[in-house]
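Asker: Chain by chain, the residues:
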Amino acid sequence: MLKEFWDFLMNDFFITGDPLILGAQVSIGLSMVAIVIALSYFKKWRWLWTEWLTTVDHKKIGIMYVIAALLMLFRGGVDALLIRTQLAMPQLEFLHAGHYNAIFTTHGVIMILFMAMPLMFGLFNIVVPLQIGARDVAFPYLNSLSFWLFFFGAMLFNVSFVIGGSPDAGWLAYPPLSELSGSPGLGQDFYIWGIQISGIGSLASGINFVVTILKMRAPGMKLMQMPMFTWSVLSSSITIMFAFPILTVTLFLLFIDRYLGAHFFTLDGGGNPMMYINLIWMWGHPEVYIVILPAFGVFSDVVSAFSKKKLFGYKSMVFALMSISFFSFFTWLHHFFTMGSGADVNAFFAVTTMLIAIPTGVKVFNWLFTMFRGRITFSQPMLWTIAFIPCFVVGGMTGVMLSVAPADFQFHNSYFLIAHFHQVLIGGVVFGYFAGLYYWWPKMFGFKLHDGLGKWAFWLWNIGFYVCFMPQYALGLMGMTRRFNEYNFDLGWQPLNIVSTVGAFIMGLAFIFQVWQIAHSIKFLKKEKSGDAWGDGRTLEWSIPSPAPMYNFARLPEVSSSDEWWEEKQRRANGIKPKPLAPLEPIHMPKNSGIPFIMSVFFFIAGFGFVWHWTWMLVPGLIGVAVCMFARSFDYDTDYYIPVDEIERTEAALKGGH
Amino acid sequence: MAHTVTPHGGHGHNDHGHHDDHHDHESIKVLGFWMFLVTDVILFGTLFATFAVLHNSTNGGPTPHEMFEMPGVIAETFILLTSSFTSGLAVLQMHRGNKKGLIGWLIITALLGASFIFLEVSEFIKMVDEGVTIGTSGFWSAFFTLVGTHGLHVSVGLCWMIGLMIQIGKRGITPVTKRKVTIVSLYWHFLDVVWIFVLTVVYLMGVM
Amino acid sequence: MRKTIRFLVPMMLMLIAVMLSGCSDKYIVLDPKGPIGESQKDLIWITVWLCAIILVPVLILTAVIVWKYRDRKDNKSAYQPNWEHSTKLETIWWAIPIVIIAILATVTIKYTYDLEPSKPLESAKQPITIEATSLDWKWLFTYPQEGISTVNYVQIPEDTPIRFRVTADQAMNSFWIPQLGGQIYAMSGMAMTLYLQADEVGDFFGTGANFTGEQFAKMTFDVKSTSEADYKTWVDSVKSSAPELTEEGFQQLKQPGSSDKQSFSAFPKGLFDQVVMQYVGPNGADAPHSGQKSGPVKDEEGGGHDTSSTEVEGQLLPVMNH
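Line by line, the protein sequences are chains H, A and S. Residues 1 to 658 (UniProt numbering) are what the first sequence spells out, left to right. Residues 1 to 208 (UniProt numbering) are what the second sequence spells out, left to right. Residues 1 to 322 (UniProt numbering) are what the third sequence spells out, left to right.
No wet-lab data here; the hints were simulated from the structure. Even glycine gets a Cβ: it sits at the ideal position worked out from N, Cα and C. Errors might be hidden in some of the hints.
Unchecked claim - With a straight-line cut-off of 30 Å between C-alpha atoms, the simulated DSS-like cross-links for lysine-lysine are:
1) Lys-591(H) x Lys-178(A)
2) Lys-29(A) x Lys-215(H)
3) Lys-76(S) x Lys-308(H)
4) Lys-455(H) x Lys-68(S)
5) Lys-569(H) x Lys-68(S)
6) Lys-73(S) x Lys-526(H)
7) Lys-170(A) x Lys-591(H)
8) Lys-232(S) x Lys-308(H)
9) Lys-222(H) x Lys-88(S)
10) Lys-110(S) x Lys-308(H)
11) Lys-29(A) x Lys-591(H)
12) Lys-455(H) x Lys-73(S)
13) Lys-569(H) x Lys-76(S)
14) Lys-68(S) x Lys-448(H)
15) Lys-529(H) x Lys-73(S)
16) Lys-215(H) x Lys-178(A)
17) Lys-455(H) x Lys-76(S)
18) Lys-73(S) x Lys-569(H)
19) Lys-527(H) x Lys-73(S)
20) Lys-222(H) x Lys-29(A)
21) Lys-315(H) x Lys-239(S)
22) Lys-88(S) x Lys-308(H)
23) Lys-41(S) x Lys-315(H)
24) Lys-448(H) x Lys-73(S)
What the hints assert, rightly or not - Going by beta-carbon spacing under 10 Å, a handful of chain H positions derived as facing chain A:
25) Ile-15
26) Ala-138
27) Val-210
28) Lys-215
29) Met-241
30) Pro-245
31) Gly-269
32) Ile-576
With the hints as extra help, turn the sequences into a complete structure.
Answerer: What follows is the structure, given as structure tokens:
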């Protein structure tokens with residue numbers, strides 16, 4: 001009996017026999033032990049539970065999203081370096097084919113769903129309530145649930161690396177390859193449940209931020225007076241609401257194909273694999289706009305702050321955001337022009353795709369003319385913004401090239417495509433979120449990040465980026481197809497692949513600089529006390545102390561302009577006295593709750609049970625989820641008031657620091 | 001982290017009589033639920049789309065023509081429509097402040113919902129007995145998934161309603177329970193509308 | 001640090017320039033040897049120039065603005081912190097992309113119809129049909145007219161339109177010969193049509209372009225374009241010397257694994273269609289949409305649905321090859 005169990009553990013449960021994975025297993029095990037020991041030694045378990053695991057404070061949830069995203073960036077980045085190493089020296093067979101396939105699959109999934117998405121939600125959480133003068137999001141409890149669902153979904157996906165086997169059918173897992181007939185292993189099931197669980201969290205976040213922005217704005221703030229980042233969050237969240245249910249259904253159908261033997265996407269039994277490809281891109285294309293739109297918002301806020309000038313063409317910017325959201329739902333077919341849909345269909349989707357270039361181009365001009373007749377300071381957030389413009393414009397142009405359907409027949413699935421989407425995703429999304437992180441970092445933690453190290457990281461990222469991806473455009477024109485783990489030497493692909501790999505390692509180095517930058521800045525902590533860390537803040541988040549007190553605003557601000565804090569500073573400079581302060585009132589706040597965390601653990605258990613077909617595990621998991629829902633429904637003690645004297649004490653303590 | 005602010009938890013319920021505040025919170029939750037319904041519309045829309053794509057993919061196996069038994073389906077329809085009406089009556093009683101009437105109509109609604117589920121499950125069992133399962137062909141996969149997802153929604157609504165009746169029994173009609181009843185009945189009407197589409201697209205077009 | 005950067009940036013640019021200019025004959029997409037590839041190359045250059053009309057000025061403008069308005073004490077350029085709107089300017093930059101995209105869209109639509117892959121090529125010669133099947137992980141080519149078959153290489157006569165019919169046994173693939181023209185998906189249950197032609201004699205690189213599983217990278221193949229006479233000689237030599245591909249042989253061949261180049265003097269009759277139709281139900285109710293049909297095969301029992309089915313699928317699943 002014991003021996004059988006041991007055999008199961010060693011043969012089926014854990015992945016064995018690969019030195020790379022063994023190393024990872026050992027280091028994961030050791031770091032888990034280290035974390036447990038450290039928490040016990042410093043008696044931090046209670047602190048962890050009351051301050052973080054059960055928190056419903058949007059600022060803390062935002063910070064947890066950011067930390068998780070950076071960890072995932074590390075894993076996705078290591079995957080990228082492994083891929084590049086293999087492609088630079090395919091002769092050495094650094095990775096065998098199966099392992100290579102698993103790695104590019106997890107690289108894609110992690111970077112989009114477990115890196116870009118949480119980094120985005122992190123910024124949503126940290127910034128939006130502060131920008132609109134609210135005390136929290138509309139549904140703080142749901143917000144916490146969203147985070148923990150994302151977290152445990154990501155864990156479920158990541159655990160497949162050492163337990164059961166990684167998915168290896170590509171990041172969008174086209175059937176029939178992803179069906180049981182093509183991928184009999186457990187990896188694909190980990191893929192389905194990891195994404196499904198975190199996807200539910202994303203959907204809930206989308207709803208949460210739409211309602212927050214529509215209902216929780218400070219008195220006087222009209223829609224057309226919202227900061228541009230908030231607008232971009234609104235457009236992105238609306239897109240989430242319409243796109244993510246499609247993902248949920250698609251993954252669910254793939255799951256019942258695999259689990260119950262249904263015939264949605266199978267080859268036999270009347271299934272239709274092309275339906276999956278349509279459905280997954282009906283989500284997948286809006287998804288890339290979901291992650292890029294908030295980056296546009298970040299750039300808008302940053303460019304206006306560091307040009308010390310109002311954002312140019314506010315109405316155009318809003319219209320552009322919303323039209324991109326709208327058109328993003330009518331372009332999905334450009335991901336498979338080569339499916340033989342016929343000239344009518346291809347022509348239609350080619351044109352809708354090109355249309356998106358118009359509002360995007362307008363945004364670029366508006367950013368440029370925000371700088372025009374401004375005064376530009378080259379702070380770290382501004383550097384990333386300036387680097388973004390040329391990078392994204394070039395990436396956008398290659399995107400237009402890809403949208404020309406008949407030409408796409410020559411680009412499709414080649415490295416030209418790979419280079420294009422990395423250019424818009426790194427040059428747009430990653431640069432954008434980095435700009436946002438550097439910009440709001442002092443608001444999150446109350447100190448700025450070291451400038452010199454940040455500039456090193458900035459330059460290395462940029463140089464590494466171009467060295468890595470420009471050669472890939474060329475490789476695409478040489479006929480190199482994506483997802484090849486090896487190639488014939490006389491095709492002449494190797495020199496450029498080596499260059500590209502060098503670029504990837506430069507970006508890896510840049511990431512190390514950023515980690516060093518954070519560590520250094522914490523060690524030589526310089527407290528930022530003004531609240532308006534850059535001195536150029538324009539929006540409400542800069543009008544309160546950094547980090548913000550748990551209730552954000554002791555008194556809700558009255559808003560009359562999209563650059564309220566900038567106007568306020570102008571008024572003060574011109575000697576206009578601020579209005580007398582209204583008396584403080586008790587502040588209504590949500591109570592912390594452990595249910596989101598526990599419920600997500602049950603989701604994880606159920607997901608794990610589904611993956612392994614273990615009824616004894618999935619049934620308790622699902623029951624646990626249901627019980628948690630009931631427990632919440634029956635809990636009427638969900639909020640409280642912060643009394644005035646406590647607010648006064650907090651405010652005095654914060655002012656004392658001035 | 002370096003910035004722990006005031007400790008929380010342990011604050012008693014501080015009833016300052018912030019009823020406006022409370023009312024505002026409840027309306028935000030209703031709006032949130034509307035947003036959820038939007039996503040649920042997309043969810044069902046996607047399922048209907050897959051059903052439409054696969055509606056001829058019987059793979060040489062049994063067709064809807066052979067399998068569907070309309071009397072049961074029509075009974076299900078009437079039951080669900082009636083339950084939608086009774087849930088409306090429950091809301092009416094709630095606005096009158098009649099707790100007993102509210103709970104009574106909710107019980108009737110739940111019973112109707114339960115009989116709907118009972119009929120649907122019997123229909124499924126009968127089909128499986130006759131050898132038609134989710135794995136029979138693309139058409140039946142789409143059928144069981146679409147109709148089953150609706151059934152699952154109704155079942156969730158049932159559990160929710162039962163939980164709510166207990167809460168109303170304990171706490172009476174308060175702004176919070178009021179909002180909850182409003183949301184449940186919204187959900188219930190929504191499922192009714194979805195069922196009309198299921199009836200038309202799946203059953204009527206299937207036997208025609 | 002500034003010095004390092006000033007040194008690194010030009011180095012990097014030079015490196016890229018060298019990389020892009022060197023070994024230009026390797027850029028096979030831009031060095032087509034057939035009419036389809038030729039048109040696609042023209043189209044690529046048209047889009048490049050159209051994009052450059054916007055790209056170059058924007059890049060210059062960015063550099064100029066960032067330099068001119070940097071925050072220096074002695075900076076004499078204008079500073080207008082509240083200048084946030086100009087209808088004239090905004091109209092201009094809504095108009096420019098609209099005009100460019102309108103031109104590009106017109107060009108695209110024209111080319112989309114011209115280059116529709118299932119459209120026969122104009123030629124005095126009769127097209128040759130070659131059927132390409134993506135197996136796990138090799139390409140099987142069958143020549144229905146000549147009755148021969150090859151694995152992982154395909155030989156064609158120059159100046160003759162080739163009508164490729166493309167399918168997959170299992171995972172979806174994509175059939176791509178960059179120097180002859182763009183790719184088409186190889187999908188199980190579908191027969192896709194792709195017309196290509198080689199204008200000269202030569203050896204071209206062919207590849208699978210959609211991930212099919214473990215040994216996907218082995219799915220490259222050689223395309224050998226020869227004179228018509230050499231082609232005939234080759235067909236005859238395959239017919240006389242190569243072994244036959246039997247039904248059992250095919251079952252062996254489709255087992256997962258890679259393969260060397262192979263030639264067969266014969267293959268089971270209708271092998272390609274057999275692969276395409278392998279999952280069709282007994283009464284053909286859900287017959288696959290082949291490249292030559294505009295909808296599902298007629299369903300005897302539910303015949304009344306045919307029209308609606310085509311409509312629905314036309315919207316949701318544009319799978320037809322016409």
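Asker: Could you run down the list of hints and mark each one as holding or not?
Answerer: Structure-based check of each hint:
no. : hint                    : verdict
1   : Lys-591(H) x Lys-178(A) : holds, 22 Å
2   : Lys-29(A) x Lys-215(H)  : holds, 10 Å
3   : Lys-76(S) x Lys-308(H)  : holds, 16 Å
4   : Lys-455(H) x Lys-68(S)  : holds, 21 Å
5   : Lys-569(H) x Lys-68(S)  : holds, 26 Å
6   : Lys-73(S) x Lys-526(H)  : holds, 27 Å
7   : Lys-170(A) x Lys-591(H) : holds, 22 Å
8   : Lys-232(S) x Lys-308(H) : violated, 75 Å
9   : Lys-222(H) x Lys-88(S)  : holds, 26 Å
10  : Lys-110(S) x Lys-308(H) : violated, 47 Å
11  : Lys-29(A) x Lys-591(H)  : holds, 17 Å
12  : Lys-455(H) x Lys-73(S)  : holds, 23 Å
13  : Lys-569(H) x Lys-76(S)  : holds, 24 Å
14  : Lys-68(S) x Lys-448(H)  : holds, 28 Å
15  : Lys-529(H) x Lys-73(S)  : holds, 26 Å
16  : Lys-215(H) x Lys-178(A) : holds, 20 Å
17  : Lys-455(H) x Lys-76(S)  : holds, 27 Å
18  : Lys-73(S) x Lys-569(H)  : holds, 21 Å
19  : Lys-527(H) x Lys-73(S)  : holds, 28 Å
20  : Lys-222(H) x Lys-29(A)  : holds, 21 Å
21  : Lys-315(H) x Lys-239(S) : violated, 72 Å
22  : Lys-88(S) x Lys-308(H)  : holds, 23 Å
23  : Lys-41(S) x Lys-315(H)  : violated, 40 Å
24  : Lys-448(H) x Lys-73(S)  : holds, 24 Å
25  : Ile-15                  : violated, 30 Å
26  : Ala-138                 : holds, 5 Å
27  : Val-210                 : holds, 6 Å
28  : Lys-215                 : holds, 5 Å
29  : Met-241                 : holds, 5 Å
30  : Pro-245                 : holds, 4 Å
31  : Gly-269                 : holds, 5 Å
32  : Ile-576                 : violated, 32 Å
Violated hints, in rising order: 8, 10, 21, 23, 25, 32; the structure is consistent with all others.
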